[in-house]
Structure formats: structure tokens, C-alpha cells
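Chemist: Listed below are the residues making up each chain.
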Amino acid sequence: MRTTLRKAARTLGRSGTASAVLLLVVVAAALAAPLLAPHDPNQGNLLDAYGGPSGAHLLGSDGIGRDILSRLVFGARTSLLGPALVVGISLLVGVPLALAASWYGGWVDAVVARVFDLVYALPGLLLAVLTVALFGPGLTPAVAALSVAYVPFLARIVRAAARQQRVSPYVDALAVQGFGMLRITGRHILRNIAPVVVGQAAIAFGYALLDLASLSYLGLAVQAPTPDWGVMVSDSDALLKGYWLPVAAPGVLIVLTVLALTVLGARISGDKPPGYLKRRRRSAAPPDRTAVGAAA
Amino acid sequence: MGRLLVRRLGGLATTLLLSSLVIFGSLYLAPGSPENVLFGNRMPTAAARAAARHRLHLDQPLPVRYWDWLTGVLHGDLGTSMVTGQPVADRIGAGLSTTVLLVAMTMVLVVVVGLAMGLAAALLPGRVDAAVSTLTSVSVTVPPFVASTLLISVFAVRMGWFPASGLGEGLGGRIDGLVLPACAMAVLSCGFLGRVTRNAVREQLEREHVQTALVRGLPRLVVLRTHVLRNALAPIVTAVGLLTAGTFASTLVVESAFAVPGIGQLTIQSVAQKDFPVVQAVALLLVGAFVVCNAASDLVQAVVDPRLRETGSTS
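Chains as they are written, first to last, in our numbering: chain Z, 3 to 298; chain R, 102 to 416.
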């Protein structure tokens, strides 16, 4: 257990490990919110309105006296749920399409690429705003629209990575042995490109979090009394009265979470920390262990 | 070059046509009928409803309505706002110049600051590089709406240097009111461009032709200009195109944050009021801006790099 952790920490580098720890803390806070939050996130005491940080309210309280720390802890739930759904759905749709496109090539590849290009031409934020115009504000339409917008983002990268595997000799070797498309892509290609998929999914998670928080900030996704980081930043009353903490705390938390996600994603998908190349040289093509296992 | 231009313009027109179909068709999927907006909470009589449907051409089949709308758009007639009764073109025209000015100011900031940061990081390895790289990795994660609130808090409420919302009179007042929104959008883009510039210039600096030029004794500035920057320009141009397109999308958020009367705020307002003709037109306009920016960056690349003209493909 300890050696596994150490190994993970070494591959991730210092910044990658710090990011992973921060994300674990945020996820733990979201899961254990009722246990960790010192107060009810929706119960305000008007006597505490705009109270500064104190023993009872570590990060102070907002305009109607609700505890900011508790709202941040509970807000982690909605703020992480949305992007998780977006990335999950985009992966479910995008990865099979990308694998099929890279496997068959030809017109399948061309059609899929054209459709991705078209969706890519529509900015995700605009697509989400349009969807909200049709179905009314809420987390569901926003998540649905962003899922569509994120499919090409993930699928393009997966397709390029799978394409590289597709033309490598081990795939031909497996095909000659009579294995079919599903088995080769599912058990070998997908496993070999897993770091890229996971890393890019983490980066997409960060961007989806930003987009959903922007929509909640505009009042188009998560609705006001629900604690959510984007909704909390939209407290313009506090801002204009000069109380910056109710707005800055969720803002900084958003930035830190997304920063951790992008750093971690880049590390996982193969950007080595600076100095890595000096210590050990990467071989041009990593040996494929799964192919050997299948041949035996 | 001519063939590339034709191909790109053809692709651009196809994308615009398809997205106009998506935008127009999607409104057909909306629950409830568009004419309900006119009646608000009142229950209309069947005759009044039929009259309203006829006036809005809702009683005609979808392909006919789409064709009428499309020909109207191509003739400059974007329809009539269902809320104010003004022509949509007038409402958009009022905000368009503000939004274009805002995007232009943002991109000037992004190009100047982003290029400076990227060049500094690439040319001064060590401390400067490390500091700039840290700064850019943080700033690419600061979304415009968080930057807006922080800027309002510091420069509008604390210092009182710029207005927190709205625009002043005349060009000076408009620019004054757009400084903070432009900065809010520039934070993320500066980081992105800085990173791209640093990596592109670094890559060129390590190439053999640059080493050869230096060994030949050419002045460093000449080498930088003709050997390094010229070759590093392609990814930088692509990034600027992408960022300009993205900035148009970001105006949705930032104009609402600062109450700037532009296209972005108009979109969000029309969405809230369910004013479909305005939403359709603005969405098409924003998609158009997005697509044109991307195509323009491709064409500029072909101008910068003659090799791309031969193959006719830049993707």
C-alpha cells in the first residue's frame, strides 16, 4: 500500500501529487458534506448578516447570515456532480465513436470527423444557453447541452491516439491471430491509450466545471437557494457593498479545483514533469504487454 | 491560394447553413408554443390564438417557415422581437458595435500581454521562465466570471477607478466602461497565448537552422525575427483565432456581469424573456463570428506559411 502510494507520487511529480491531494479533499468534502459542514447551508441568521470570519463562522457569513464554509462544502456536491455527468456522458458517446472511426477509417472516419467539426463549431456555452432558452433553466438542460459539446473535444484526442495504436505492428499481429475488432480495440488499444483518455477526461472535467459554474452564475443552471460555487459567485449584492469574502471564497475554490484538474490531467496523459527527460530517456514506443499475454 | 480560399469559404457557408438549420429547428422542439409568450399568464381565446399564430406564420409548415426566415436573414431582415415589437436587426445593431469594441480591446490586451509573457519565458530560461509558466498555468483556469467579480471588488468598489456596471457617454466613456470587462476576459486568454507562444518559440530555438544562423554570426535580433518568430507564427496565429472566437462566446457572461449593453447581454435577456426571434438571430451571429474567426486564422496561416498553400489543407 505504502509503496503503491509512493510510486504514484513519483510518477505524478510534486505538483501532480499536490493536485491529487487537493482533489481528494474536495471530493471527500462533497461526499461527507452533512458530517463536515458546521452549519445548515440554507439556514441563515439575519443577526449574522455579512459577519466576518469568526470562531462560529470560519469564513464568515453572507447577506442573510448563512455560513459560507458550510455552503462551500455542500456546494461541492452540485459543482462536481454536473461536470461528472458531462464527462461521463461524453466519454460514453465519444470513445466508442472515436474507436470505431480509428478502426474502420475510410468513410466512417470521414463522416464522424465532419460531424465532430460541426459540433466543434458551436461554442459549448452558446449551445447551453440555447438549450436553456428552449427548456428553461436548470442543471439537466445545461448538462445535456455541454455533454454534446464535449463529445468532439474528447473524441478527437481519443481518435488520434487510437489511430497511432491501430497502425502499430502488434495490432496486425493480433488481427492475424484471428481476434476481432471488438476484442482488439477493447482489450488492447483502449488499455494502451487509457492514460490519454483518463488525463483528457480530467482536463475536460475542469473545463466543464468552469462552463457549468458560468451558467449557474448567469442563473441558467443551478438555481439560487441551492448552494453551488457558481451561484455563490453571483452574489453581486455582497460585492457592491464591499464584502468580498462571500464572492471570492467560491471563486478561488473554483480556480484551485480546475487548476488541480488540469495539472493532474496533463501529468496522467503523458506530459512529464520538467526534468524527467534528463533523468531517464523514454523509449520511442512503449512495449505492449497485453499483446504478449494474448499470444501466449 | 485561390483554391484554398474557395474551399474554406465553401466549408464556412456549409457550417453556417447547417447551424442555422440546427438553431431554427431546435426551437421547434421547445415545449409550449412560441405565441404563449405574447399572452403571458392570460388564457387567450381560440380565435386570438389562431390570429397570433397566423401573424407569426406559425400556422405554416416548418420547411416553409425555415425558408422564409432564411431568405429574410439573407436580405437583412432578422424578424421582429416578440417582446418589444422592434425589428430584431435594430436591437442587434445597437449592441453590435459595443461587443465588437469589447472583443477588439480584449484581443489587443491578449496579444500584447500574452506575446510578451510567452517571449520572455522562451528567451529567458530559468527564473523568468518558471515564474511566467506558473503564472500562465494559474491564469488559464481563471474563468471570466470569477475574474469579473474580483476586478469589480478591487478596481470598482475599493478604488473606484472604473464603473462597476454600465457604460458612460461617448467613445471615451464606453472605453472606460469596457476596460474591466476586457481585462476579465483577457486573464484566461493571456495565459493560453503565453503558453502557446513559449512552446512555439522554444521549439524553434532548439532547431538546427537557428543554431546555424547564430554560428554564422547573424545578429541575435535578426535571427529572432527571421528564423525564430517567422516559423513560430503558425501556432500563435491559430491560438489567436481560437481565442478571438472564444471571446465572442465569453461576452455572454462578462456583459451580464458588468451590465454592458452588447450582444451577449441581449442574448441572456432574450433567453430569460423567451424572445425566440432575437435568440435565433443572436445565436446565428455568434456562431458566424466563431466560424469566421477560425476560418480567418486558417487563411492568415496560409499567408504566413507558403507551404500550407501547396497542399491546400491546414487541418
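No lab work stands behind these hints, which were simulated from the structure alone. Computed from a prediction, not measured in an experiment: that's the story for all the values here. It is possible that some hints are incorrect.
Pair ranges (Cβ atoms, derived) [what the hints assert, rightly or not]:
#1 R/227 x Z/58: 28 to 38 Å
#2 Z/23 x R/320: 24 to 34 Å
#3 R/163 x Z/54: 42 to 52 Å
#4 R/322 x Z/38: 54 to 64 Å
#5 Z/23 x R/316: 44 to 54 Å
Here a beta-carbon is modelled for each residue, glycine too, at the ideal position from N, C-alpha and C.
Chemist: Failing hints, ascending?
Modeler: 1, 2 and 3
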